[in-house]
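Could you put together the complete structure from these sequences and hints?
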Amino acid sequence: MHPAFSVLVFTVMSGAGYGLMTLMIIGHLAGLPQLLDSSVLLSGGILSLALITGGLLSSTLHLANPKNAWRSFSRFKTSWLSREAVFAVLFYPFALAYLAAVYLNGAEVTGLGLLSGIATAVLAMVTLFCTSMIYASLKTIRQWNSSLTPVNYIALGLMSGSLLLAAVQALVGDGASTSLTSLALTLVVLGATCKLIYLFWIGKPAGSTINTATGFTQASVRLLDQGHTSNGFLNNEFGYTVEANRLVRLRLLMLGLAFVVPFLLILAANTALLVIAAASAIAGLLVERWLFFAEARHVVRLFHGDQTV
Amino acid sequence: MKLGLVVDLDTCVGCHGCATACKQWNTSGTIGPLSDENPYGKDPNGAWLNRIRTYEVDDSPNSKTVNMPLSCMHCDNAACVTVCPTGASYKREEDGIVLVDQDKCMGCNLCSWACPYGARELDPGQGTMKKCTLCVDRIYDESLPEDERKPACVMTCPTKSRVFGDFDDPNSEVSQLVRDRAGKQLMPELGYNPVNTYLPPRNKPVVQTYEPKSVVATVKGWVNKVIAR
Amino acid sequence: MTSQATLKQADVIATESTAGKVQISDASLPQFEDRANQETKYTTCYMCACRCGIKVTVEDNKVRFIQGNPNHPINKGVLCAKGNSGIMKQYSPAKLSSPLLRKPGTERGAGEFEEISWEQALDMLEKRLSHIRATDPKKLAYFTGRDQMQALTGMWASQFGTINWAAHGGFCSVNMAAGGLYTMGHAFWEFGDPDWDNTKYFMMWGVAEDHSSNPIKLGLKKLKERGAKFVAINPVRTGYQAIADEWVAIRPGTDAVLALSMVHVLLKNQLVDDEFLIRYTNSPQLVVNTPGQKGDGLFYRGESGQPQVWDLVEERFMDANLPEISPALFGEFTMPDGTPVRTAMSIMLEKYLDDQYAPENAAKECGVAAEDIERMALEMAHVAFKETITIDVEWTDWAGRKQDKFIGRPVSMHAMRGISAHSNGFQTCRAIHLLQVLLGTIDCPGGHLAKPPFPKHIPPGIKPAKEMAPNTPLKSPPLGFPTCPEDLAIHEDGTPMRIDKAYSWDAPISCHGLMHMVISNAVKGDPYEIDTLMLFMANMAWNSSMNTAQTMDMLTQKKDDGEYKIPFIVCSDAFNSEMVAYSDLVLPDTTYLERYDTISMLDRPISEPHAACDSVRIPVIEPDRDVMSWQEVMVEMAGRLGFPAFSTPEGERKYESYKDFIINFEKEPGIGFLAGYRGKDGEKSLRGEPNPRQWDAYEENEGFFEMHLDMNQRYMRHANLDYLTLAKEAAWVGSTDQIVIELYSEKLQKFRLAGQGLYDGPQPTEEHHKERLVEYFDPLPFYYMPLKEQRIDRDEYPFHAVNQRPMFMYHSWDSQNAWLRQIMSQNYLFMNRIAAEREGIKDLSWVWVESHNGKIRVQVKLMEGTNEQTVWTWNAIAKRGGAWGLSDDANEATDGFLMNHLISELLPQKGDKVDRVTNSDPVTGQAAWYDLRVKITPAAEGETGTWPSFSALKPQPNAKPSPDMLSYTSHENVNLVRPMSDILTRGEK
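Chains as they are written, first to last, in the numbering used here: chain A, 1 to 309; chain B, 310 to 538; chain C, 539 to 1527.
To be clear, the hints were calculated from the coordinates, so they are not data collected in a lab. Quick reminder that beta carbons are idealized off the backbone N, C-alpha and C, glycines included. Hints are supplied without guarantee of correctness; some may be wrong.
[Unchecked claim] With the C-beta cut set under 7 Å, the calculated list includes, among others, these residues of chain B facing chain A:
# : residue
1 : Arg-360
2 : Thr-363
3 : Cys-393
4 : Leu-431
5 : Met-496
6 : Trp-531
Given below as structure tokens:
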């Protein structure tokens, strides 16, 4: 699949934003001492909203006819994209209410803060889940059509959120906190595990072939002519191919930036290094998301000559 | 009613007539125009609703060339419709035709991702998704002569390799063809249950050889017969 | 999207759903089309040479839809990819919009023009032409490309008085036309068709798409439905071959070996239709057998002047043309005067039973397995003789005898390119006809059928003109059918009279001329210099020339005095083709949707086997430019120059326009360009006085005329008095005499005798001419290695290189078409995968392809369906940047390539007399552009892109810029709106 930059930015940023908001609220409501600090909460909340809003705005950039974007709320009944849109919008009043409660009442948990906080955290995770289901629900793309996809999206959203949370807390609050860095460490390990399982899983051949696509299942099938000599919409959208060596390099880069570097930097428990760890993770996840698209092989490719997907 | 096409791979010569007839009708049709980017420049790229691909099946010297036109299959389980967030994509309850309401599409491409058959193409000029309408603006048009109330591709096909009809009606020509010729769905494993069906190439006809008579090696072996002119 | 409507549930009704018919209605749908504002007009397609009937829907002078006319005899409602892309031709930005004159002081080829008015253009042309006509008419060379109006242009040239006229048949199909017309009086190509309705075994030799593109497709479908067998003989498997039941991957140029080896098998097994041979062919006729003496190989003629046969019942020699005789098919005899003779059939037996044509030997040459050759021959024999069909219809034979049925041997064939473009194509075509004749499959049910006005007597009775005088029309058309050396257009000293050297010893039976030699010869002044070259629809500065780069160079060569070697070039074209830049005066033509035109019985009509047909073009769109159809220019010039046939006895101009000319011109009393709706009231067909309302009648009848033949006139027309009587009345034939199929061609033998020095008449003096006549003018078809192959090192150039046009562009004049070029704007060199792997050549890699004439760099694509010794490409995809409205970096210019660069118009140079001889069939002059052999070497690392490349051409002064985005629509589209309630309430289903 063609990795559209706007979509990469959207999923990584909003994922981090939702992860950050969710973890922060849970920590706050659970009474984690380092989060009983309204400036930390407000900073984290604003950062989260900025990431989410930036992401959502970015996502509209890939629309070819954005004047109809408002219509995307209409098909909640069947469309994960519609659901994502609905939940993403629904998220805002609760998140703003929660932050307003913090702003007005400080870190102390109020009734409004509790209710809106729970709603915000739930909606954040639901929205993230919906985003992931946009991809996971597509039977046409084997690399996405799996429960590993929502698991990855949520795990990596929480991971990047936890790193941001630790960094914000360290920056705004009083230095790195063991509990938040431990959480981040755990989530980095969890995220890495999920990603490694995913990478292992997509390596196994399965699914449709050029034979099932053309109906000639008894013999080899080769494409002679795709019917047009310049690339068309389908080639541009689905024909993206990463060269094998480059793929290995990018995977290593992704694992390093998203998991190894943050893991090592977290261990140092230094504010500046935590900020770098969060930045590295975000950068790594951009590569991860790029690979998520680039390695996804749509079955239309079979009609264009690929033997398997 | 379940409208769709039967495509005969035994007779399709890959002439692209159906593809250009489709382009021609539909660029001024209900979902038109169908735009073309760089029409006279480098890498021309337009929106087409029907593309012809050519495959070689099996290895030399036993291989066979197969031309395969591909357009919307008007699937029973049309995931392109399910995923559409705006409601622009829909499947008509009346006849099963899958359409895109051009006024509502936001051009997110998700439906094209959900389609396994490459049947949807984003219009580079309009920013909306284009796909086969089964010429909904022909087949019901009572101002057309009855014989012309067919999709443009079916009307034009020089080898009559495309047949339009109702798959719900067991007596329709399409249903009969599917039965008689063991029609196949493409990528059935995905469970989309495409309506359009492909008829595989027929088996070769068997022709007897003339039992050799007395073999003559020279001119002298021939005997004149009396045959009046 | 102004007009909207919403859909309601359950408004759709399916009524009467029976097999094959779907009748449905949906009252909730909006009115998508404003029918009140639309008009439907009928005309004839011109996207290629197939000439299908089209029904064009027009609104506000814009084309809404072009569809096949369901009532039309050719296409019966269907239409190909080209026909469906007519809109993009009509709205091409490359359309020329006013006459252009090369800017004074600029160089030819630079493409600098200024607009002039039609009055200026026509005056200029008139002045130039009238001077040439009054001084030396042959100084005008007039050649036309893919036009379909040769009856008019040929007549125009005759009236002008120049023999230097031809169309593009010399590089297209003359081998097929001549091969058929010199054998059986009709031909493959446009003069005959397989009997699609009855044939049970169909063999297709070569053929990409061909002139009858839609009829072939319709026919193949019929075969497949009936379970008839379809065998395709072709080094490449695409298009039609893809659906063949058997693909025979023959080595290019060896089809004659295969055909004659099958003849060998048939003869060896005595499986021939002897009744057919005796009744309808010259095979029992007695041939003089006196090698080395005058008269050898000619028919022995009796006192009556008739060829003789040996009557088995009477036991004496008799005139061969008598009915009720019983000729011996075989035997050697001595005539009363002592002349040894033998039947033509005896010669055939001896020739084809030779081991050379035994399947095991043929297999080595043509690459088809011996057992396959044997099997196919026996399969055809089985179908012809054991699956015979009869049609019980009473008919009258040539001798006036009633016959009670037509006997059908349902084996048919079709052949075209491949066969036609090899230098052995004429004899190969004859070899295929021989195979058909031996099986008795000519013009019989299930066999190969002639299309009126064919068959004609062998050959048609027109001789090429050779005498010219100032201000005097020719005595006969420039092109005709020589039957002996006396008919050649040569001077006393044997030098050619024509600029293209047609009808010279180089190519005696070149009945379509040699358009591919005109520029080369004129520039060399060999045989002489010309003044003006006038071209219509001929892209000689690009894909229509062999040797493209050198041709461009020739067009700009100057003499010492600074004048161009071809002083003045006029071209008429509707589009800015590559040729436009090399012209001095450009006359913009109309498009096919803007003009009147005739597809005439005097030319290459659209007849079907069982119906005589012709058709017209009628404008459906008003031109938006200052253009004039070439037809109008022809009639205008003819009037201005005072051609006798275009003037009244008083010397006044006779026809005011092309339409007027078509209505009122009579070739002979009652015979005109259009055969339909003749007579004062339009009631007469084929022959009748002019009908002033004839154009209206065609318009009312959907643009065509179709006269079905009666059942008794439909078969065996070479010997069918019922048919021949009609044909004579219609002036298709000169007499009702039987058309005797000439398996043995005495006409060829006369040329051979001239080569042997045994002919009382013109004889060549040059040694190589003598050798060519002796070698290639065999009165019986035979195989010889293509000439170019004979003059190169075949081991050095191991691959045959051929090309074909894709179906969606075959014979199409505009591959710049915005839709069609999306299907293909780059061509590859296709190669067999196994052969490529052997050579270490990878898929999509760049390679050098080198011939004796030059080299090109191209990208390779591997495939299974190609003969292992063959590489091929789609031709004429490459275009020059800037031409045809294309951008300078269009794929056609950067990645497309022409194989033409590798082909020379002359035979490979060896420093002998043959160096000057055209690279063409030695009999017909057909350009041998399929004879190419090449070697292939991988390009160096980093060497990519096609080579050679050419600078882009300039846009014309009045050209509209080509758009970056095209969104064609003829009206505001009426969207079908989905109601919001449905969007909000529908679930998964």
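Hints versus structure:
Interface restraint check: Arg-360 of chain B against chain A, minimum CB-CB distance 5 Å, threshold 7 Å, status holds. For the restraint placing Thr-363 of chain B at the interface with chain A, the shortest Cβ-Cβ distance is roughly 4 Å, inside the 7 Å limit, so the hint holds. For the restraint placing Cys-393 of chain B at the interface with chain A, the shortest Cβ-Cβ distance is roughly 6 Å, inside the 7 Å limit, so the hint holds. Residue-level restraint check for Leu-431 of chain B holds (minimum Cβ-Cβ distance to chain A is 5 Å; threshold 7 Å).
Nearest Cβ of chain A to the Cβ of Met-496 of chain B: about 5 Å, under the 7 Å cut. The hint holds. With 7 Å as the threshold, the beta carbon of Trp-531 of chain B stays out of range of chain A, its nearest partner Cβ sitting at about 47 Å, so the hint is violated.
Hint violations for this structure: number 6 only, all remaining hints satisfied.
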